[in-house]
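Participant: Full structure from sequences and hints, please.
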Amino acid sequence: MPPPPRTPGPRPSPSSPRPCAAERAAESGRASYTGAPVDRREPVMSVEARIILIVVLIAVFLFYRKDLRQKIVAWFKNLVNPSPYTEEMRRRDTASQEVIVADRPLKKKTRVPPPKPIGGGLEQRLAVIGELELWYVAGGDQGRPSVLLLHGLTGDKEQWIPVATALVAEGFRVVAPDLPGCGQNAKDPQESYDVTSQVKRLRALIQRLSLAPLHAVGVDVGGTIAAALAYALKEKARSLTLIEPFGVRVPYETELDKLLAQGRNPFLVATPAAYDNLLSFVCSTPSADPRQGERARRTAEDRAVNLKIWQDMREGERANLLDLLLPELNHKTLYLQGASSNVVHPKTADLVPTLMRNATSVVLEGCGHWPMVERPEETAEHLAAFLRSVPAE
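If you use the numbering used here, the sequence shown corresponds to residues 1 to 393, in order.
Rather than coming from a laboratory, the hints here were simulated on the basis of the structure.
Check the hints yourself; a few may be wrong.
[Claimed, not checked] Label-pair ranges, simulated between beta-carbon atoms:
hint : residue 1 : residue 2 : range
1    : G293      : Q207      : 33 to 39 Å
2    : K234      : I58       : 48 to 54 Å
3    : Q207      : G119      : 27 to 33 Å
4    : E294      : N358      : 36 to 42 Å
5    : L53       : A304      : 47 to 53 Å
6    : A212      : S46       : 46 to 52 Å
7    : A304      : N358      : 52 to 58 Å
8    : A204      : S46       : 22 to 28 Å
9    : Q262      : N320      : 31 to 37 Å
10   : K236      : L259      : 34 to 40 Å
Glycine included, each C-beta is placed from N, C-alpha and C at the ideal position.
Facilitator: In structure tokens:
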């Protein structure tokens, strides 16, 4: 027997709401839920906790990546205190920040040895500044006028000891570092030793030792660096002393120019025996040096890094850097020149005062390229008299 026909119920009016699927399922007695299940549980980690976790992970990452941390710090420092160099030099200065810290494996913290007295009121010390380690000779009490002595190519801090001893006796505080890549410092032919990189490192040393304001003194490539350092420090450099610096162009040929034209460079010592030839070339009357044998051996061993320093300091546009830099300096300046120098032409002593606003020249008769080695007493006398003439702050 067929079922009776179903009687249709009343249709909902257009204004009344339509029943949802759940209501229709309830009416029909069937579970007809087709949507995804709704998870109404509380989240495991809040947004604030996630942010804190991300910050902690970044901090841990930067703790083990000193190179990135130093780059970030350098970026903020450049925003607050931009370099006084030109745009080109500023670009190189920023890039050189990587020289100290980048591309090096992290190493254990260096144990700084105690100061070693070497006589004359001087001590040998080591400064550790991040990844940068610099040996230096120091003397004189803090609070005295500070003098920074910079050696030249193939030189070291010990060459300044006689002059430094005399200056300490005159009441000055003296610091003579081994330039990066020289002396007792680490030597890497792949490193950058251009003027901007060296100035960057020396400024770190100056800050660590609280040397500024200071008097900057340099011979050879150290003189070029001293001039760039005075430019960077501005009024924090009280004076500048240049002893036959590289980078001043003169229309005269020197003995060094003649040798270089023949493909020979006396500064690039290949054997200990060749060191005697270098001394004869840079000094008119070489003095007896009890450490000459050790210096000869070390200079020959360091030939590769000395070549890199020479290339970074002397080749290309760097060869005449002081022609551009000296006219920009307002510092009171002393220029010392050896009358018998084979490296820098004696006529340079006449040219430098015309390039600068406040410079005087002194020519040492019968002296070669290294007055602080050949004539330490006379060099110290001229230097002390000049430093005393610089007005106090």
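Participant: Taking the hints in turn, state whether each one holds.
Facilitator: Okay, the hints, checked on the actual structure:
1. Checked against the hint of 33 to 39 Å, the C-beta distance between G293 and Q207 comes to roughly 37 Å, which is consistent with it.
2. Under the hint 48 to 54 Å, the C-beta atoms of K234 and I58, about 37 Å apart, miss the expected range.
3. For the pair Q207 and G119, the beta carbons lie near 28 Å from each other, so the given range of 27 to 33 Å is met.
4. Range check, E294 to N358: Cβ separation about 40 Å, and the 36 to 42 Å hint holds.
5. Checked against the hint of 47 to 53 Å, the pair L53 and A304 passes, with Cβ atoms roughly 48 Å apart.
6. Evaluation of the 46 to 52 Å hint for A212 and S46 yields a pass: the beta carbon distance comes to about 50 Å.
7. Between A304 and N358 the Cβ separation comes to about 40 Å, which falls outside the hinted range of 52 to 58 Å.
8. Against the hinted window of 22 to 28 Å, the Cβ-Cβ separation of A204 and S46 comes to about 43 Å, which falls outside the hint.
9. Checked against the hint of 31 to 37 Å, the C-beta distance between Q262 and N320 comes to roughly 22 Å, which is inconsistent with it.
10. Separation of K236 from L259 is about 39 Å and conforms to the stated range, judged on CB atoms against 34 to 40 Å.
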